[in-house]
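J.: First to last, the sequence lines map onto chains P and V. Quick note on numbering: numbering that gives the first Met the number 0 labels position 97 of the first sequence as 96, and the sequence is numbered without any gaps. Quick note on numbering: numbering that gives the first Met the number 0 labels position 35 of the second sequence as 34, and the sequence is numbered without any gaps.
Worth flagging that the hints you see were computed from the coordinates, not collected in a lab. Worth double-checking, as some hints may not be accurate.
[As the list claims (entries may be wrong)] If you want a taste of the chain V side facing chain P, the calculated C-beta under 10 angstroms gives, among others:
id : residue
1  : Q9
2  : I15
3  : S17
4  : A98
5  : F119
6  : A165
7  : K171
We treat Cβ as the ideally placed atom computed from N, Cα and C, and that holds for glycine.
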Amino acid sequence: MLTAQFLLLGAVLFCIGVYGVLARKNAVMVLMSIELILNSVNLNLLAFSVRNGSVDGNTFALYVIAVAAAEVGVGLAMVLLIYRNRRTIALDDLSEMKG
Amino acid sequence: MLATDLLVAQNIGFGIISLMMIFGALRVVTVSNVVHAALWLVVVLSGAAAQYLLLSAEFVAVTQVLVYVGAVMVLFLFGTMLTRARIGAEGDLNNKNWALGIPVALLMFGVMAWVIIDGFGDEKLIDDPGSMSQVPIQAISDDIFGPYLLPFWALSFLLLAAVIGAIVLARKD
């Protein structure tokens, strides 16, 4: 197995996630795309963990998973709050803070 | 090159799982139904867990299944159902400038692929495939509770703050 094949898979998933963040209007779909991005980062961390023969990559991947779980919890609570106030979660309509 | 250097079975497994993951990820960002997108995300996350097993990180793979496929997906489905009365397909999931995302993503992938291939090329992941063994969980815990204890504390406080914040935000009053 080559190092580059795991890194390239991570890059593909990262770019698909970036496209999702840019293209989607629904706030829940944007959060899902962010999960794709975080997963590609984890893949890279574990590949480098094997390459360098060190356990640190595993530890970092676990920390990233925990941060992602916290992020989804708070993010969905915010989406719920926006929906309760606005009856929509389309990100195009949230323009109160526009300069 | 010796046959043992090729790791044929692992490479075939990697290829199949990668194709599944990329297809699932493309479906996540293109499908016009939020619940279907969440279910395609399950495919991607499970594929990622399988890749972690290929990378001999079994503890992270189990955690991935428990946390992502178990907890986070349930949160997503709850979020979908609490914010959308109807479950069927919706035509307005994309921005009006959604097409701009394609060149941005392609450009980004081009740059990253160039750097990765330039930097790592055909470098082997490990020199001796026979020496690749499972990462002992004891080593991970030694790492977490040794040099990375301070980030672990910070992470505990982050999770506590996230739980309290989520309750405060979602409270009805």
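J.: Work down the list of hints and note, for each, if the structure agrees.
T.: Against the structure, the hints:
{"no.": "1", "hint": "Q9", "in the structure": "6 angstroms, holds"}
{"no.": "2", "hint": "I15", "in the structure": "12 angstroms, violated"}
{"no.": "3", "hint": "S17", "in the structure": "5 angstroms, holds"}
{"no.": "4", "hint": "A98", "in the structure": "8 angstroms, holds"}
{"no.": "5", "hint": "F119", "in the structure": "4 angstroms, holds"}
{"no.": "6", "hint": "A165", "in the structure": "4 angstroms, holds"}
{"no.": "7", "hint": "K171", "in the structure": "8 angstroms, holds"}
Of the numbered hints given earlier, the model fails hint 2 alone.
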